[in-house]
Amino acid sequence: METKLLTEHYGKDEYIKIDGYKKHGGYAVLAKALKMDPKAIIEEVKASGLRGRGGAGFPTGMKWSFLPANGEPRYLLCNADEGEPGTFKDRLMMERAPHQLIEGMIISAFAIGSKKSYIYIRGEYDHPIRVVREAIAEAYKAGMLGKNILGSGFDHDMDVYAGAGAYICGEETGMISSIEGLKGQPKLKPPFPAVQGYLRKPTIVNNVETLAAVKYIIRDGAAAYRKYGTEKSPGTKLFSVSGNVLKPGNYEIPLGTPLKDVIFNLCGGLKPGRKLKAVIPGGSSAPVLTADEAMKVTMDYEALAQMGSMLGSGAVIVMDDSNDMVDMLDVIMHFYHHESCGQCTPCREGTGWLSKIVHRIRHGEGTVNDINLVKTVSERMMGKTICALSDAAAMPAISFVTKFRGEFEDYVKKGNQVGGALHA
Amino acid sequence: MPKCKINGQEVEVAAGSTIIQAYKAAGIDICHYCWHPGLSVAGVCRLCMVQIEGMPKLQIACNTEVKEGMVINNTSEVVKDTVKWGLDFHLINHPLDCPICDQAGECGLQDQYMQFGKYDPEMAEAKVKKHKVVDLGPTVVLDAERCILCSRCVRFTEEVSKTNELGIFNRGDRSEIGTVEGKPLDNNYSLNTVDICPVGALTSRDFRFRQRVWYLKEADSVCPGCSTGCSVKVHYNEEGLWRVKPRENKEVNGYWMCDTGRDTYKFVNLKARLLSGRIGKRDQWQEISAEDATRSAGLKLRETVQKHGPDSVALVVTGQYTNEEYKDLLKFFTGELKSKNVYHWLNNPEKMKDFDGLLFRGDRNPNTMGLSAALAAHGVSSKWETLQSQLSGRKLKMVVVAGPENQATFPDMKEKIQMLSQADGLIWLTAGLNADLNQVGSETWQVPLKAYVEKAGSFTNFEGRVQPFKAGTTIVPQALTLSEAVELLAGRDLNWALRPKGLGGPKTNYAVTQRGTL
Chain A
401 METKLLTEHY
411 GKDEYIKIDG
421 YKKHGGYAVL
431 AKALKMDPKA
441 IIEEVKASGL
451 RGRGGAGFPT
461 GMKWSFLPAN
471 GEPRYLLCNA
481 DEGEPGTFKD
491 RLMMERAPHQ
501 LIEGMIISAF
511 AIGSKKSYIY
521 IRGEYDHPIR
531 VVREAIAEAY
541 KAGMLGKNIL
551 GSGFDHDMDV
561 YAGAGAYICG
571 EETGMISSIE
581 GLKGQPKLKP
591 PFPAVQGYLR
601 KPTIVNNVET
611 LAAVKYIIRD
621 GAAAYRKYGT
631 EKSPGTKLFS
641 VSGNVLKPGN
651 YEIPLGTPLK
661 DVIFNLCGGL
671 KPGRKLKAVI
681 PGGSSAPVLT
691 ADEAMKVTMD
701 YEALAQMGSM
711 LGSGAVIVMD
721 DSNDMVDMLD
731 VIMHFYHHES
741 CGQCTPCREG
751 TGWLSKIVHR
761 IRHGEGTVND
771 INLVKTVSER
781 MMGKTICALS
791 DAAAMPAISF
801 VTKFRGEFED
811 YVKKGNQVGG
821 ALHA
Chain B
6 MPKCKINGQE
16 VEVAAGSTII
26 QAYKAAGIDI
36 CHYCWHPGLS
46 VAGVCRLCMV
56 QIEGMPKLQI
66 ACNTEVKEGM
76 VINNTSEVVK
86 DTVKWGLDFH
96 LINHPLDCPI
106 CDQAGECGLQ
116 DQYMQFGKYD
126 PEMAEAKVKK
136 HKVVDLGPTV
146 VLDAERCILC
156 SRCVRFTEEV
166 SKTNELGIFN
176 RGDRSEIGTV
186 EGKPLDNNYS
196 LNTVDICPVG
206 ALTSRDFRFR
216 QRVWYLKEAD
226 SVCPGCSTGC
236 SVKVHYNEEG
246 LWRVKPRENK
256 EVNGYWMCDT
266 GRDTYKFVNL
276 KARLLSGRIG
286 KRDQWQEISA
296 EDATRSAGLK
306 LRETVQKHGP
316 DSVALVVTGQ
326 YTNEEYKDLL
336 KFFTGELKSK
346 NVYHWLNNPE
356 KMKDFDGLLF
366 RGDRNPNTMG
376 LSAALAAHGV
386 SSKWETLQSQ
396 LSGRKLKMVV
406 VAGPENQATF
416 PDMKEKIQML
426 SQADGLIWLT
436 AGLNADLNQV
446 GSETWQVPLK
456 AYVEKAGSFT
466 NFEGRVQPFK
476 AGTTIVPQAL
486 TLSEAVELLA
496 GRDLNWALRP
506 KGLGGPKTNY
516 AVTQRGTL
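So the protein sequences, as listed, match chains A and B.
Just add 400 to the spot in the first sequence (first one is 1) and you have this note's numbering.
Just add 5 to the spot in the second sequence (first one is 1) and you have this note's numbering.
One chain only, chain A, in its complex shape (with noise of 0.2 Å):
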């Protein structure tokens, strides 16, 4: 079940290394690539059906193909802001293959004819930070980076660019305000950055996964990167599971594959004892599922949208019987009030709101139109704003508050009685 396509040589120290990357096949896919038309490479990765890994699920070949044909100056961005509660595999790639993700962001920048790209890596990535930066010194010394890769005659910089952070700089758009200087805040759309991205030129941003996947789909072909997963969500992906499970960890897995298998086999299951109560599939903005249909529902796009819920960024939360869903949702909203920038009013306004309604609702002092209430303004707040936090703070609240609305009950009965997490 578990599938070492890009994690295949993780375990290695010296991979990390570009002489031990190379030893194992590093940078090879590269001088394929140079040799290549760059039309070819976006037309492989338009064919092999690849979706961007940082959880939108966007078809990366298609996001490719909005740049404008001409030759203006364009950049390539890798959004290793990392900010979604529960996942960790972009740490693990950086930290485990810097030159992985150097190869495939080589590939990709020359498939889209760009000479300057950032790798944007969130403040508190310290380790991967300083790992990339070193990776990126020893490929500007091998000849991978700089004037005339490989006798190519493709130029091609990098660097990294380290963020502050902020949650909202993994949006694209914020993204690229925080490397421009600004207040990380995402940008009005349109125009979207493939046409005015970074310094006003096309930009594409893709996240860490996407472009080390890049390289696996030239070195095998589409055809070979599809028999992983499923025909509408084809490959492998890395899920990050963490919660109540025994084993919890980075896996990597084709698409598709039966969430029931990652806890129960994968993961080694639930601590004695224990019952599954409840799983966010894709990170803290994905609605959480319950536990009869976490045990129905397969890993890919289209099963997980279903069941009203998403893949995201692949961080799998492990919620059992000794999870409070009260609490939880208590942590999510303060998260999210503590996260929204602050641009647009239903956001910046709404996601205090229900973090408050939700904190006296966790200590006792909500009332049944409260639950309500939470459902309402979440409502109000899907769908009107510049970029998607306010969705993200609005979905996991309705899903909560419906699907567990009796732990809330609880706790609106109880009053005054509460002492600390009810449901634990």
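Wrong hints could be hidden among the right ones.
As the list claims (entries may be wrong) - Think about it this way: if two alpha-carbon atoms lie no more than 20 Å apart in a straight line, the pair counts; the simulated EDC-like pairs of lysine to aspartate or glutamate are:
id : chain 1 : residue 1 : chain 2 : residue 2
1  : A       : Lys412    : A       : Glu495
2  : A       : Lys404    : A       : Asp661
3  : A       : Lys601    : A       : Glu472
4  : A       : Lys583    : B       : Glu163
5  : A       : Lys775    : A       : Asp720
6  : B       : Lys85     : A       : Glu779
7  : B       : Lys132    : A       : Glu765
8  : B       : Lys29     : B       : Glu70
9  : B       : Lys167    : A       : Glu580
10 : A       : Lys775    : B       : Asp86
11 : B       : Lys62     : A       : Glu779
12 : B       : Lys89     : A       : Glu580
13 : A       : Lys589    : B       : Glu70
14 : A       : Lys583    : B       : Glu164
15 : A       : Lys423    : A       : Asp413
16 : A       : Lys671    : A       : Asp692
17 : A       : Lys516    : A       : Asp413
18 : A       : Lys775    : B       : Glu130
19 : A       : Lys583    : B       : Glu186
20 : B       : Lys62     : A       : Asp770
21 : A       : Lys439    : A       : Glu472
22 : B       : Lys332    : B       : Glu492
23 : B       : Lys123    : B       : Glu82
24 : B       : Lys132    : A       : Asp770
Hints were generated in silico from the structure; no laboratory data involved.
Note that this is a predicted model, so its numbers are computed, not measured.
Put chain B on the given structure of chain A with help from the hints.
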């Protein structure tokens, strides 16, 4: 020219127009805060939501271009619900302190709540506390709790004044407008931020707490502060003028005006004005009516011309009167008195060509161009130096001065008064009080004139644009226009029936004496 349908009404707009521009052009109501025609699109208040046929989600009208055949509405239930909730989101952390807020009566939140909101608020949480009475600079005061973070003021300092003093600090519902330490909001356009602030967050230090806006009337006028001649609105009541605000005029000032221009109401008010005619000299003054003072001056002037010839009198004019007044004045002086001794008094000749790049010009007179044209039309080309030699040669018996209305822009007032009082008699026509004039040793007639808001006429601005304006209000009922003064100087009569009545003097404690008594 794409055509679209707005709320069922066919509308044709210029190519590239946004939907909100189409709404404005068609005069159809649309709720919005952050959008301003003179600023870039921020798209953050999320209130101008519209439903476009064929699009699954609501779109903001300010950032969506009109396409041929679009069918748009903002009256469907889903849009109404969105706007209603959008307004509630704006208000949940707003202090709702309208009774003590200076913006009440002209507040976007109040107006749009009455138009689009009218809901029962459901917010029961403690509101976010922010800073109050923050000095952003010498002219503007911030109340961060009232602020709805529409970012208009920030965009103004970025895009229009290009001074970048303001920014939004912190994030989420802790966001606040602010300045960086050591760089206060201090530029000559700072008060525009108060105008464009849709709520009571930014208030003008000059105006705040002085008047309730619903007691003020407004009149359109042209700013006399410099030769740009911005279109303005003056706000007044029976006590006088309280503030000046810019009026949209794409050709001249766009949506803005400078802070210097806003001070032009001060010299119009009673405290700064010459209220009646005065005859006499140093420390011996007789207060008489404006009419009698002018008639007496006219008699003396005409007598002097008869006795000593036209070259014994001179006229000194400043660039602060209307084209119509210049015409009458010069016709009388060159035609009837037959004197060519007419001099243009320039206040700061070395700065006349200065320009700050936006609106404010070094020529601090509204009508230098008009005066120059009038002088040329009457064939007058006297040099200022000639006046000096005529005075020291004691050739001049009488000098008539159409003095500046805005005396603050004439740094050489004292010096010029002394110089001109070398003549035997001085007829000083002026709107403002001047202490130095009371110290003149020669025989002097002081005649009170009307200020710009009190009369109709036109100014010709720096580029030769003739801008007519109407009389707004009357502060000093006795005061004459320059044309009226000319009629009286010439010995003719005025049509008193046509003269406007004053609005009455200052009322101490207006609220106690007027309100509450039926």
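(request) With a cut-off of 20 Å on the C-alpha distance, tell me whether lysine 516 of chain A and aspartate 413 of chain A pass. (result) violated, 29 Å
(request) Assess, step by step, whether the Cα of lysine 29 of chain B is no farther than 20 Å from the Cα of glutamate 70 of chain B, and give holds or violated. (result) holds, 14 Å
(request) For the pair we were handed, lysine 123 of chain B and glutamate 82 of chain B, check the Cα-Cα distance against 20 Å. (result) holds, 15 Å
(request) Would you check the hint for lysine 583 of chain A and glutamate 163 of chain B, treating anything up to 20 Å between C-alpha atoms as holding? (result) holds, 14 Å
(message) Hinted pair, alpha-carbon criterion (20 Å max): lysine 89 of chain B, glutamate 580 of chain A. Please report holds or violated.
(response) violated, 36 Å
(request) Take the C-alpha atoms of lysine 404 of chain A and aspartate 661 of chain A, compute the straight-line distance between them, and say whether it is at most 20 Å. (result) Given that 20 Å is the threshold and the Cα spacing comes to 16 Å, the pair holds.
(request) Starting from lysine 583 of chain A, check that the Cα of glutamate 186 of chain B is at most 20 Å away, please. (result) Holds - the C-alpha atoms of glutamate 186 of chain B and lysine 583 of chain A are around 18 Å apart, at most 20 Å.
(message) Need the status of pair lysine 132 of chain B, aspartate 770 of chain A: alpha-carbon distance at most 20 Å?
(response) holds, 17 Å
(message) For lysine 775 of chain A and aspartate 720 of chain A, compute the direct alpha-carbon distance and say whether it is at most 20 Å.
(response) violated, 24 Å
(request) Take a quick look at whether lysine 601 of chain A and glutamate 472 of chain A sit within 20 Å of each other, Cα to Cα. (result) holds, 8 Å
(message) Holds or violated: lysine 775 of chain A and glutamate 130 of chain B, Cα atoms, limit 20 Å.
(response) holds, 16 Å
(message) Run the distance test for lysine 167 of chain B versus glutamate 580 of chain A: straight-line Cα separation, threshold 20 Å.
(response) Distance ~19 Å between lysine 167 of chain B and glutamate 580 of chain A Cα, so the pair holds.
In the structure shown, a violation is registered for the earlier hints numbered 5, 12, 17, 20, in ascending order.
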